[in-house]
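K.L.:
The primary structure of each chain is shown beneath.
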Amino acid sequence: MNLVLLCSWSAILAFTVMIHTKYHWRQPPLATCFTFAVAGIASAFPALIYNWFIAQETAFWVFSHEPVMRFMGFFISAGLGEEFWKMGFGCIVCFLWIHLRKPISESDVVIGFVSLGLAFAGYENLLSYSDLGSGVLIYRGFITIPIHGGMGMIHGKAAYTALQQRSAIPLFTGYAKAVTIHTFCDTWNIVLPYGGMRIVPAAIALLLVVWAARQWRDMSELPESGVVGHEGQQRAN
Amino acid sequence: MTGMRMQPSDSDKVLPPGYPEASLQARPVGGSHLRGEYILRFVLVCLSVLVVAASLAYIKFPQKNPPMWEFLMNYHKQNKSFWERLLEHARPVATQLDKWRQAASSGHRVSSDATATPARPGLSGLTMSKEHLALRETALAQLVLYDRYKLPEEEVWATVKKTRSVGPFRDYEEKRFLSEIAWMTYQDDKANKEILQHLRRTATELVQKPSAIFEDYLNVGITHLLTGDADVAIGYLQEALERWPAPGRARGNVYLGLMIAHATQGHRQHVFRMLAGFKANYPDWLYVETYIPDLTQLTEVYPDAALLHVIHGRLREFVYDYASAQESYRHALNMADLDIVGKTTVRNWVGTIEDVALP
Numbered sequence: 001m002n003l004v005l006l007c008s009w010s011a012i013l014a015f016t017v018m019i020h021t022k023y024h025w026r027q028p029p030l031a032t033c034f035t036f037a038v039a040g041i042a043s044a045f046p047a048l049i050y051n052w053f054i055a056q057e058t059a060f061w062v063f064s065h066e067p068v069m070r071f072m073g074f075f076i077s078a079g080l081g082e083e084f085w086k087m088g089f090g091c092i093v094c095f096l097w098i099h100l101r102k103p104i105s106e107s108d109v110v111i112g113f114v115s116l117g118l119a120f121a122g123y124e125n126l127l128s129y130s131d132l133g134s135g136v137l138i139y140r141g142f143i144t145i146p147i148h149g150g151m152g153m154i155h156g157k158a159a160y161t162a163l164q165q166r167s168a169i170p171l172f173t174g175y176a177k178a179v180t181i182h183t184f185c186d187t188w189n190i191v192l193p194y195g196g197m198r199i200v201p202a203a204i205a206l207l208l209v210v211w212a213a214r215q216w217r218d219m220s221e222l223p224e225s226g227v228v229g230h231e232g233q234q235r236a237n
Numbered sequence: 001m002t003g004m005r006m007q008p009s010d011s012d013k014v015l016p017p018g019y020p021e022a023s024l025q026a027r028p029v030g031g032s033h034l035r036g037e038y039i040l041r042f043v044l045v046c047l048s049v050l051v052v053a054a055s056l057a058y059i060k061f062p063q064k065n066p067p068m069w070e071f072l073m074n075y076h077k078q079n080k081s082f083w084e085r086l087l088e089h090a091r092p093v094a095t096q097l098d099k100w101r102q103a104a105s106s107g108h109r110v111s112s113d114a115t116a117t118p119a120r121p122g123l124s125g126l127t128m129s130k131e132h133l134a135l136r137e138t139a140l141a142q143l144v145l146y147d148r149y150k151l152p153e154e155e156v157w158a159t160v161k162k163t164r165s166v167g168p169f170r171d172y173e174e175k176r177f178l179s180e181i182a183w184m185t186y187q188d189d190k191a192n193k194e195i196l197q198h199l200r201r202t203a204t205e206l207v208q209k210p211s212a213i214f215e216d217y218l219n220v221g222i223t224h225l226l227t228g229d230a231d232v233a234i235g236y237l238q239e240a241l242e243r244w245p246a247p248g249r250a251r252g253n254v255y256l257g258l259m260i261a262h263a264t265q266g267h268r269q270h271v272f273r274m275l276a277g278f279k280a281n282y283p284d285w286l287y288v289e290t291y292i293p294d295l296t297q298l299t300e301v302y303p304d305a306a307l308l309h310v311i312h313g314r315l316r317e318f319v320y321d322y323a324s325a326q327e328s329y330r331h332a333l334n335m336a337d338l339d340i341v342g343k344t345t346v347r348n349w350v351g352t353i354e355d356v357a358l359p
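Protein chains in written order, with my numbering: chain A, 1 to 237; chain B, 1 to 359.
Worth flagging that the hints you see were computed from the coordinates, not collected in a lab.
Below, a sample of chain A positions facing chain B; criterion: calculated Cβ distance under 8 Å:
id, residue
1, Y50
2, I54
3, F60
4, A162
5, R166
6, L171
Short, incomplete list of chain B residues facing chain A, as computed with Cβ under 8 Å:
id, residue
7, R35
8, G36
9, Y38
10, I39
11, L40
12, R41
13, F42
14, C46
15, A53
16, A54
17, A57
18, F61
19, P62
20, Q63
We put the CB at the ideal spot given by N, CA and C, even for glycine.
The following block holds chain A by itself, in its conformation from the complex:
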């Protein structure tokens, strides 16, 4: 139990803070968050398999001596791969929602994707990093989990914009942003000159958290129109 808490403490903390600072007028969408969190945990498995394939069968290995290969390893595995699996599983939940005619608001979508990112990060900690000692897990609690949560915010905003515009373009742009940030978070020591740059991942995490907090603060917990369901649709027509 201690291990599980050590792996997920910051995810639980972030989620609790988000719920408590937003939902004053309505019940927090816990079922929504739970669904997305399950999707996040499920997305860890294909991500793990994909990363394993890249490391096992190709030269793009994240511990390669060649910087280009190392960069490509992070770009394909962590950047393209993990971000897609997270966003893809979240999108599938949204897709099911649409087919089930469930009402969706921006805050619901965003906190859903954030929950997905946090659950993914917590589960990744358990699966892949829990044998590396408390120091690594505490570090990941301060840096990696907030970064994954920030990615969830990017995914969520992109997904909601896509739902609003009924277009895939916001999904692609959101995905591209997430891939870029995630890749840079993992490859800063390859891209930037070494020495004195260890603050970089912490700075990225801080910036992401600040940006996500501002977005979350400015986001209404209520639907934009205040009119829902069939009635709203009729009025729109």
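Given chain A, work out where chain B should sit, using these hints.
P.N.:
Leaving out everything else, chain B in the frame of chain A:
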């Protein structure tokens, strides 16, 4: 087309008191005809990109299996999975390894039953600074690559030189690395006396550094032993044995070296006492083929040391190689170096073999 979408208004963003309960639900985004095909499009396109990327990587950039990759993969395979660890309900709070680490980090010597006894401070490598440890680990990894995967010496040395660890330990660690490389070269070419002399000089320099550890005492002891100065070697090997942090195969080598050094100096009491405790101190005592050649090599350096033949015989006797044991005992008995007490003891052993083992 946009008739179905509701445009947001500022008044809708804040819920006034008494706002109808029904309005607390979110509106459906999109109309009845919206089936989210763009979501599927996104998922399928990205999935295709991932598959293409993986396929191209697989075809155009196949795995070259660098040595470190194999190491890490094997290490990963040896580790228990998260689920295995989670399901270990009966796991003790502190494992044996935890106890060793705790004892070592607190400057205590560790014994096989994980009980800590006071030792000299600063003897353990675990008290090194982070920078020092990084350089040491890099050097060790490169030594493994050099030894097992035959990476060129220039390449591994360049990697060590590139390590950005700065401190007073730098000179010591670099000399230590080159000394280890020389040791490996010597293992392949034991007839090369120049390397041996070089090793002796380097080992003597290293042992005088403040960062010197137990292994350095072993190295300087062995080089002195191999170059004929067994009397000096005894002091270093005794020091190494006392400083050695944990029992095991490596400490067993120190024990064997010290026993041989005593044998070359004719210290019969020491040799017989250490022979009595050999099995307990040398875990690989059963595998004579791994250490007897070293003993044979030393009999060439010290041809008059009868106790070396006694050791040889006794170790052969331990593994029931009675013919070789008897031959070594007889050789020792014919030498003038062995005193009367030693000869009596060896005769007893020979008699036992003749009575019991060789009909």
